[in-house]
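Visitor: Chain by chain, the residues run as shown.
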Amino acid sequence: MVIVGCGGLGASVATTLSEQGHTLHILSTDRDAFDRLPAGPISDGHIVPIIGNGTLQSDLLKAAVQDADVFMSLSDSDSENALSAQMAKLIYRVPLVICRIDDPAKQEMYNQLGLVAVSATTLVTNVVVDAARA
Amino acid sequence: MSRELVATGHEVAVVDTDRARCASLDEALGSVSVLGDGSDSRVLAGAGANRAEVLIATTRSDATNLAACQLGKHVFGVARTVSVVNNSDHTELFRMLGMDATIDLSELVLGRIQEALSMGGLSHLMPVSDVDGKRLLSIKIPPDSGVEARAIKDIPLPIGTLISLVITRDGNASIPGENTMIRGGDEVVALARAQEAEELRDLLIQATGA
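Chains as they are written, first to last, in our numbering: chain A, 427 to 560; chain B, 144 to 353.
Source of the hints: derived by calculation from the structure; they are not laboratory data. The beta-carbon is built from N, C-alpha and C at its ideal position, and this holds for glycine as well. Accuracy of the hints is not assured; some may be wrong.
Here are some chain A residues pointing at chain B (derived, C-beta under 7 Å) [stated by the list, open to error]: (1) L482; (2) Q483; (3) S505; (4) L509; (5) M535.
Bound-form chain A, shown alone (with noise of 0.2 Å):
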């Protein structure tokens, strides 16, 4: 698996996954967004913290794209995130691509493009909107 971006959403998938023992890279341009991940894993191979940029090629194959199974763009940047999934999904033929997009218009968008589009936005408020109906 990969994971590109490591703020909050990025180190939290990456942390769940990690305990359910699978093992992933993550990339990150920066380098402090690591110390977000916990270290038992890190140490133990179960996480792979990469620094670079998940819109290059170089630093994708970096984090062994070619190889994954599941691919993840989960930074705070809709476009980049977008770029990445749609290079994982087309040049490196990941079979499953999510990629974090806020925007509920071009989460529409990604998602008739095949990718799975998901935005904490739409998530949270229906979390929100259900609670208040109750």
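With chain A fixed as given, assemble chain B onto it according to the hints.
Guide: Chain B in isolation, oriented as in the chain A frame:
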């Protein structure tokens, strides 16, 4: 570019995140600017993207350019999308995703530098076919080229390439026949796919005996 388009009677809206640039553009061309991020669907809607025939993305961010073009194409139904590509890593992807034309900045700059250094540079003039990626190229023949004074029919051109125009060093342009001689200093305009372009250049610029 906006100035050129306005002068030729086109209706233009320019989206930019920089307030000062928008203001100076408006001063020069009338109110053409829309302040905001071109990868934001609301901003594009405000700029009238649903009425646009062409969307041109020229920011320094390939991610922004791609998002703007994809929104233009899929959300606003813009017929033609053109994008600058800042990093060659993304050229192929942009084509695969249906951008109608891509302008590869590094390729363009490299071509110009090679031209300036008379390295027998390869300049990409324009894409011709979206289907098989054929493009028009210009190749300057160096004086010591291995093809110097050879007729086109005797040059083993890569399959699928077509020499369309030969411009001699004194500026005479002609559509070449199979007996046309290529000489040092000529500029050759050819049609080739991306993967054959380099091969063609190497063939035309390599020194005798190389």
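Visitor: Taking the hints in turn, state whether each one holds.
Guide: Going through the hints against the structure:
Here the hint on A:L482 is kept, as its CB sits about 6 Å from the closest CB of chain B, short of 7 Å. Taken as an interface hint, A:Q483 checks out: its beta carbon lies about 5 Å from the nearest beta carbon of chain B, inside 7 Å. This hint holds: A:S505 has a C-beta 4 Å from the nearest C-beta of chain B, less than the 7 Å allowed. At a threshold of 7 Å, the smallest CB-CB gap from A:L509 to chain B is about 4 Å, leaving the interface hint in force.
Below 7 Å, beta-carbon pairs count as interface contacts, and A:M535 has one with chain B at about 5 Å; its hint therefore holds.
Of the numbered hints given earlier, the model fails none.
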